[in-house]
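Peer 1: Sequence:
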Amino acid sequence: MPDDLLRPTIGADVDMSARPWRLMSQAYVAFFGGVIATTVIAFLNARRLGVPVRGRWQIALSGLAGLLLVAFVLEMLTGEVSVLSAVDSSGTRVVIRVIAVLTCLLQLRIQQPMDRAFQLRGAEYKSLWLPGLAAVIGGGLFEVGLLAVWEMAI
24 MPDDLLRPTI
34 GADVDMSARP
44 WRLMSQAYVA
54 FFGGVIATTV
64 IAFLNARRLG
74 VPVRGRWQIA
84 LSGLAGLLLV
94 AFVLEMLTGE
104 VSVLSAVDSS
114 GTRVVIRVIA
124 VLTCLLQLRI
134 QQPMDRAFQL
144 RGAEYKSLWL
154 PGLAAVIGGG
164 LFEVGLLAVW
174 EMAI
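First residue of the sequence shown: 24, per the working numbering; consecutive thereafter.
It is possible that part of the hints are untrue.
DEER-style ranges, computed between Cβ atoms [what the hints assert, rightly or not]:
id : residue 1 : residue 2 : range
1  : Ser40     : Val96     : 38 to 46 Å
2  : Ser113    : Ser40     : 39 to 47 Å
3  : Glu98     : Leu143    : 21 to 29 Å
4  : Ala83     : Ala171    : 20 to 28 Å
5  : Ala146    : Tyr51     : 16 to 24 Å
6  : Leu91     : Arg70     : 18 to 26 Å
7  : Ile177    : Gly145    : 47 to 55 Å
8  : Ile177    : Tyr148    : 37 to 45 Å
9  : Met47     : Leu169    : 24 to 32 Å
10 : Met47     : Arg144    : 14 to 22 Å
11 : Arg42     : Phe165    : 35 to 43 Å
12 : Gln142    : Pro75     : 40 to 48 Å
13 : Leu125    : Trp173    : 44 to 52 Å
14 : Ala88     : Ala146    : 30 to 38 Å
It is worth saying that the hints were derived from the structure and are not from the lab.
Think of the CB as a built atom: it goes at the ideal place given N, C-alpha and C, for glycine as much as any other residue.
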């Protein structure tokens, strides 16, 4: 009979075949892709890390809050100007990126305990290049389109 003291407990219910991405790499996705891109990557990574369902819901809700904050800030900064011309303004782009990075930092904090457990297992991280690039392009375009629809509705 094996000794319970020596039985591995870290990540006992985590799928070891799906390697997660490095947490700090998600900040690049946030900076270049926006709130939607970073939320998608954080949500998928949380699932790979084995973050409980409650934590994944928190990641999704923080992404929604970040997107609403971006819409609110755009409305306050631009007034009647369209979203597409507002995104061309360098000051507005900086504000959108700051909100995306702050949202990302909150999402990283939710993933951090399970990421530490993954590090203790000694496994290698998976590359975020292709999924991150897809999220930056797809999420960024979707976010601009969604904000444009939001502007037309209001």
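Peer 1: Failing hints, ascending?
Peer 2: 3, 11, 12 and 13
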